[in-house]
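> So you can see what is in the structure, the chains are spelled out below.
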Amino acid sequence: MERKTLGLVLAIVPLIAVIGALAIAFALTGNVQSMVLETGPDEAISGYLTGFTGAGGEMFTVSGYSLSDDRRTLLLEVAVSNPIDYPLVISSMSYISEFNGKTVEIDLDKPVEVMPESTTQIILTGDLDEQNLLTGMPQMPNNPDPSGIKTEISFAGIILKNSGGVQ
Amino acid sequence: MTEEQKTKEWDFSKANWPGVLGGLLLIILPFTGSWWEMHVGTGAFDVALSPFTTEILMFGEFVLSPLLYWMNIAFTILMLLFGILLLTGSICFANEKYRLTADIIIKSNSRKPLYLIIVFTIGLAIVSWYMGQMLLVSGFTGDFPILMGEGSASMASGIFTIIVPVSLGLSTSYWIGLVAAVIAIIAGFYQMKINPAEE
Chain A
1 MERKTLGLVL AIVPLIAVIG ALAIAFALTG NVQSMVLETG PDEAISGYLT
51 GFTGAGGEMF TVSGYSLSDD RRTLLLEVAV SNPIDYPLVI SSMSYISEFN
101 GKTVEIDLDK PVEVMPESTT QIILTGDLDE QNLLTGMPQM PNNPDPSGIK
151 TEISFAGIIL KNSGGVQ
Chain B
1001 MTEEQKTKEW DFSKANWPGV LGGLLLIILP FTGSWWEMHV GTGAFDVALS
1051 PFTTEILMFG EFVLSPLLYW MNIAFTILML LFGILLLTGS ICFANEKYRL
1101 TADIIIKSNS RKPLYLIIVF TIGLAIVSWY MGQMLLVSGF TGDFPILMGE
1151 GSASMASGIF TIIVPVSLGL STSYWIGLVA AVIAIIAGFY QMKINPAEE
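Heads up: the protein sequence lines correspond to chains A and B, in order.
In terms of the numbering used here, the first sequence opens at residue 1 and continues consecutively.
In terms of the numbering used here, the second sequence opens at residue 1001 and continues consecutively.
By construction, these hints were calculated from the structure, which means they are not laboratory data.
Misleading hints may appear alongside valid ones.
As the list claims (entries may be wrong) - Dumping the calculated DSBU-like pairs for lysine-lysine here, alpha-carbon to alpha-carbon at most 35 Å:
id	chain 1	residue 1	chain 2	residue 2
1	B	Lys1014	A	Lys4
2	A	Lys4	B	Lys1193
3	A	Lys4	B	Lys1107
4	B	Lys1097	A	Lys4
5	B	Lys1097	B	Lys1193
6	A	Lys110	A	Lys150
7	B	Lys1014	B	Lys1097
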């Protein structure tokens, strides 16, 4: 093979390979969007986020307060609904109540997983001192407002934070 | 020594040894794994890419990109071809009979791996920039790294503030590829030095 011909062949082969790959991918899918990626990550993430936005505050249903058997721990039961088809991890959750000039923070002890499209009951706990127990407990609302919940939820490493507020 | 004897004789001291090393590295390069990884969250969107392999996982499920799949096949074949030709050319230069062809092959193939790495790196920079733009268009704000680094994008949606952590990074395989390409370039320069008449 002549020097020029060999050089030309070696230069053209990569071009043919790349153009061939492009042509095969296009021929098999029929359009550029499908050829690159059928669904973009932004669309997939947005789909899940829409699920959360739609659920809004209804994700949390708060039951009334109760006391532990030894009457030293305040308990608050919260039902958390997972509106999406992917497991959620509740990393932290707290509820702050202020009464009788004292603030009681009720927290989640350890992370909880909520399975896809299901509801899980979780219990927040807060230590009470003698004064809170005697004077504050009767003033606690029977139906605490769910908007007071401060939480950090994650799914697939995407974090959702809700600041809540003092009730 | 007759002319016939001379053409049958191999003088390996005249082989292009940087080319032999570069050729071997180029041959193993397609099998060293991904060169670049992108993680959005932990499992929301994971991409592991090289010119020879693509792995895309979206919420735990594999996603196929036909374009990247066929490009990977093309680049694997090409890189094996570059490697085999560089290796063969570098060895065959030790025999005067094949010297002319070997010289063309070495000089023709020594720069192509570096071109591939440059194009791939530019492509990655464009892809990571484009991903950042897609998040901005979706209403997120924040820093999205280009090529390598960590950042996060956030957005207020309903009662939540959503934070999407992102990390991008080049793997060891990328640097192996760069070293292989530089050795191939050195083989090209070495070839010009040992056989300047054919330049």
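> Does lysine 1014(B) pair with lysine 1097(B) here, judged by a C-alpha cut-off of 35 Å?
Status holds; Cα separation ~13 Å.
> Keeping to a limit of 35 Å between CA atoms, is the pair of lysine 4(A) and lysine 1107(B) held or broken?
Holds, because 13 Å separates the two Cα atoms, which is no more than 35 Å.
> Are the Cα positions of lysine 1097(B) and lysine 1193(B) separated by 35 Å at most?
19 Å, holds
> Could you grab the alpha-carbon distance between lysine 1014(B) and lysine 4(A) and see if it respects the 35 Å cut-off?
24 Å, holds
> When you check the alpha-carbon spacing of lysine 110(A) and lysine 150(A), does it fall within 35 Å?
Satisfied, since the Cα-Cα distance of roughly 15 Å is no more than 35 Å.
> Assess, step by step, whether the Cα of lysine 4(A) is no farther than 35 Å from the Cα of lysine 1193(B), and give holds or violated.
21 Å, holds
> Against the 35 Å threshold, does the CA-CA distance of lysine 1097(B) and lysine 4(A) hold or violate the hint?
Cα-Cα ~18 Å, so holds.
Checked against the numbered hints given earlier, this structure breaks none of them.
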